[in-house]
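Residue numbers (the working numbering), protein chains in the order written: chain E, 2 to 161; chain W, 2 to 161; chain P, 2 to 161.
Derived from the structure by calculation, the hints contain no laboratory data.
Do not rely on the hints blindly, as some may be mistaken.
Here are the simulated SDA-like cross-link-like pairs (lysine to any residue), alpha carbons at most 20 angstroms apart as the crow flies [claimed, not checked]:
id, chain 1, residue 1, chain 2, residue 2
1, E, K108, W, S49
2, P, K108, E, P145
3, W, K108, E, G106
4, E, K131, W, K108
5, W, K131, P, G33
6, W, K131, W, K108
7, W, K108, P, K131
8, E, K131, W, K131
9, P, K131, E, G106
10, P, K108, E, G34
11, W, K108, P, D147
Covered by chain W, per the in silico footprint, the following chain E stretches (three or more residues, Cβ under 8 angstroms) [unchecked claim]:
id, segment
12, 23 to 30
13, 37 to 47
14, 118 to 131
Idealized CB from N, CA, C, for every residue including glycine.
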Amino acid sequence: MPSIETRLKDMGIDLPAPPTPLANYVPAVIAGGLLFVSGQLPLGRDGSLAPGHRGKLGQDLFNEAGQEAARLCAVNVLAQAKLALDGDLSRIRRCVRLGGFINAGPKFHALPAVMNGASDLIAAALGPQKGRHARTTVGVAELPLDAAVEIEAIFEIEPE
Amino acid sequence: MPSIETRLKDMGIDLPAPPTPLANYVPAVIAGGLLFVSGQLPLGRDGSLAPGHRGKLGQDLFNEAGQEAARLCAVNVLAQAKLALDGDLSRIRRCVRLGGFINAGPKFHALPAVMNGASDLIAAALGPQKGRHARTTVGVAELPLDAAVEIEAIFEIEPE
Amino acid sequence: MPSIETRLKDMGIDLPAPPTPLANYVPAVIAGGLLFVSGQLPLGRDGSLAPGHRGKLGQDLFNEAGQEAARLCAVNVLAQAKLALDGDLSRIRRCVRLGGFINAGPKFHALPAVMNGASDLIAAALGPQKGRHARTTVGVAELPLDAAVEIEAIFEIEPE
Chain E
2 MPSIETRLKD MGIDLPAPPT PLANYVPAVI AGGLLFVSGQ LPLGRDGSLA PGHRGKLGQD
62 LFNEAGQEAA RLCAVNVLAQ AKLALDGDLS RIRRCVRLGG FINAGPKFHA LPAVMNGASD
122 LIAAALGPQK GRHARTTVGV AELPLDAAVE IEAIFEIEPE
Chain W
2 MPSIETRLKD MGIDLPAPPT PLANYVPAVI AGGLLFVSGQ LPLGRDGSLA PGHRGKLGQD
62 LFNEAGQEAA RLCAVNVLAQ AKLALDGDLS RIRRCVRLGG FINAGPKFHA LPAVMNGASD
122 LIAAALGPQK GRHARTTVGV AELPLDAAVE IEAIFEIEPE
Chain P
2 MPSIETRLKD MGIDLPAPPT PLANYVPAVI AGGLLFVSGQ LPLGRDGSLA PGHRGKLGQD
62 LFNEAGQEAA RLCAVNVLAQ AKLALDGDLS RIRRCVRLGG FINAGPKFHA LPAVMNGASD
122 LIAAALGPQK GRHARTTVGV AELPLDAAVE IEAIFEIEPE
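Pulled out of the complex, with its shape left as it was, chain E reads as follows (with noise of 0.2 angstroms):
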């Protein structure tokens, strides 16, 4: 089975390198054999937040759009994972949840069509075995820097 870096790579997607909290707090933790991903936002390469991946689902931008920060928070997520686990992806056994939280207008409920952004991109980076989890998908009041779309994860890891 080719590796989470080959698909990536075959997906055409080079992992940023992700920001630092500017708080007391840090991108991911190990414990207990698990990794937990701190919340990721739709931040872009350069660290800021397009005006297409901010504002609330059904008012402010759309479905595709939704997809888009969705699956953009989970290639944060993965930039996230590999520097938490010294740069080696081949350590993550699977995805064990990912958390998606959604900056909903009123009677947007097409929350789970938005998250699939990010669950298709997990499965598509870590195969279908390992890239198939858990999750829930809820739509929130508002989001740090108005951003459409956080999510958060947890990953099973290999002991070191």
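Chains W and P: place on chain E using the hints.
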């Protein structure tokens, strides 16, 4: 002590065949001795969302209907756990955590009362020792299908 | 390195006797080497919610009061952890993750600044190594008792 299956029977609960997610994720994942169950909606046995379990608490439905919806989410959580454990609920050591997301209308703060519908079901089904769990309850802006409640869970399980 | 108890003393913090949940759930559960603490509200030592820690950020209260509320949630998280560890905070190996739910008014996006009230408290109480955690911060529609903030936590603990 009666088994979880016996308790469910005594409660008149026949766990449904749970729905398969129509996307790149799975209903539950086992990792590190923990079983993570994806967020479950209050879908009925036929897989549909009853009108009475739809909309915002304090606006479209009220405490008792909300508790019923939360209870139904918890039944679906158990159904997914059973499926993930190859039908053997006796492998559940305890319920570790429930996460409750309530579709809350303006100024609806009785979120814990709604969530009790789920906690009471889990406590009754698993018994006083295995059933007592940590939980987090929040009111969200929107939920998939405009469901009134969504509940995710973590269980500790016996090794195979 | 100073103990967590010493650090708390130096910070002038005397952990309260935490409130018992009035429902079928518990404040904290230990499983798989992890301690899961239920979502905590910014309740004071007397168990009541101060008017200044109630309502929506950006509408009823503002950044500094929000940070105070988040800090108080974190104090209550530690109080629950201490209770679950039979009074022995030295069993905490590290804080793994904080989940922050901010009661956010329209267009309030300074959620991370509010959440820093909790992250700073945990970092100061546990010290730089044990205190650095992953975190997820989102703005929710409503919280129990109309609290301004709710915070849940996962700690890694030493085996007994």
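For each hint, the structure was consulted:
Of the supplied pair hints, the one linking E/K108 and W/S49 holds, its CA atoms being roughly 19 angstroms apart against a limit of 20 angstroms. At roughly 10 angstroms between alpha-carbon atoms, P/K108 and E/P145 fall within 20 angstroms of each other, so this suggested pair holds. Between W/K108 and E/G106 the alpha-carbon distance is near 18 angstroms, which keeps this suggested pair within the 20 angstroms criterion. Restraint check: the Cα-Cα separation between E/K131 and W/K108 comes to about 42 angstroms, which exceeds 20 angstroms; the hinted pair is violated.
Under the criterion of a C-alpha separation no larger than 20 angstroms, the hint pairing W/K131 with P/G33 is consistent with the structure, at around 15 angstroms. For the proposed pair W/K131 and W/K108, the alpha carbon gap of about 34 angstroms is over 20 angstroms, so the pair is violated. For the hint pairing W/K108 with P/K131, the CA-to-CA distance comes to about 38 angstroms; that exceeds 20 angstroms, so the pair is violated. A distance of roughly 30 angstroms separates the Cα atoms of E/K131 and W/K131; the hinted pair therefore is violated under the 20 angstroms criterion.
The suggested pairing of P/K131 with E/G106 is violated, with an alpha-carbon distance near 39 angstroms, which exceeds 20 angstroms. Distance check on the hinted pair: P/K108 and E/G34 sit about 38 angstroms apart at the alpha-carbon level, beyond 20 angstroms; violated. The straight-line distance between the Cα atoms of W/K108 and P/D147 is roughly 8 angstroms, inside the 20 angstroms bound, and the hint therefore holds. By the rule of at least three residues with a Cβ nearer than 8 angstroms to a Cβ of chain W, the coverage given for the segment 23 to 30 of chain E is violated, with 0 such residues.
Interface restraint, the segment 37 to 47 of chain E with chain W: violated (0 residues with C-beta to C-beta distance below 8 angstroms; minimum three). Evaluation of the coverage hint for the segment 118 to 131 of chain E: fulfilled, as 4 residues show C-beta separations to chain W shorter than 8 angstroms, against a requirement of three.
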